[in-house]
Amino acid sequence: MNTEQDLFSKKKIIYTAQSKHFYYAKMFICKYTLEQNAVPLNPFNIWSYFMNDTVDRDSVRCGNNNIVRISDEVWVFGPIANGVYNEILYAQSLNKPLKFFSLGSSLDCIKPIEINQLLFEECVSKDEREALKKTIQLYANPQS
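Heads up, the sequence shown is in my numbering, so the first residue is 318 and it goes up one at a time.
No wet-lab data here; the hints were simulated from the structure.
Be aware that a few hints might be false.
Stated by the list, open to error - Distance condition first, Cα-Cα at most 27 Å in a straight line; then the derived DSS-like pairs of lysine-lysine: (1) Lys329 - Lys443; (2) Lys451 - Lys413; (3) Lys343 - Lys328; (4) Lys348 - Lys443; (5) Lys428 - Lys450; (6) Lys428 - Lys348; (7) Lys327 - Lys343; (8) Lys327 - Lys451; (9) Lys348 - Lys329; (10) Lys328 - Lys443; (11) Lys328 - Lys413; (12) Lys329 - Lys428; (13) Lys443 - Lys428; (14) Lys450 - Lys329; (15) Lys451 - Lys348; (16) Lys416 - Lys451; (17) Lys329 - Lys343; (18) Lys428 - Lys451; (19) Lys450 - Lys413; (20) Lys348 - Lys328; (21) Lys348 - Lys416.
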């Protein structure tokens, strides 16, 4: 940031979706997003880990859906869990741009990936995996 005006520049607001199994990577994800000149709204930074289970998880899920709604884009990091799967479907229903990234134990592990490189956690069935890949492909390329 070089000028005072830069402090008020409009930037894309990004909902950063990730599995709870990669909770430890939340700061890498936020740093990466900031380095892309965007503002991350990371659910694990907002709610910690489901607010340490002090509230019903559906309250947090509802909060996440509201954040998806107000975000400009949804970026998905790492393997797709069932919660992330549902956030992707919701983002698509709102016509939000989607981007996908690898994820690991360091910032260097974050790289853009293609649909055929998506990974899924075991909680997402084979049928759901295939349906989501097809849906994303159609969503990304509506003329196909």
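List, from low to high, the hint numbers that the structure doesn't satisfy. Hints 1, 4, 8, 10 and 15 contradicted; others consistent.
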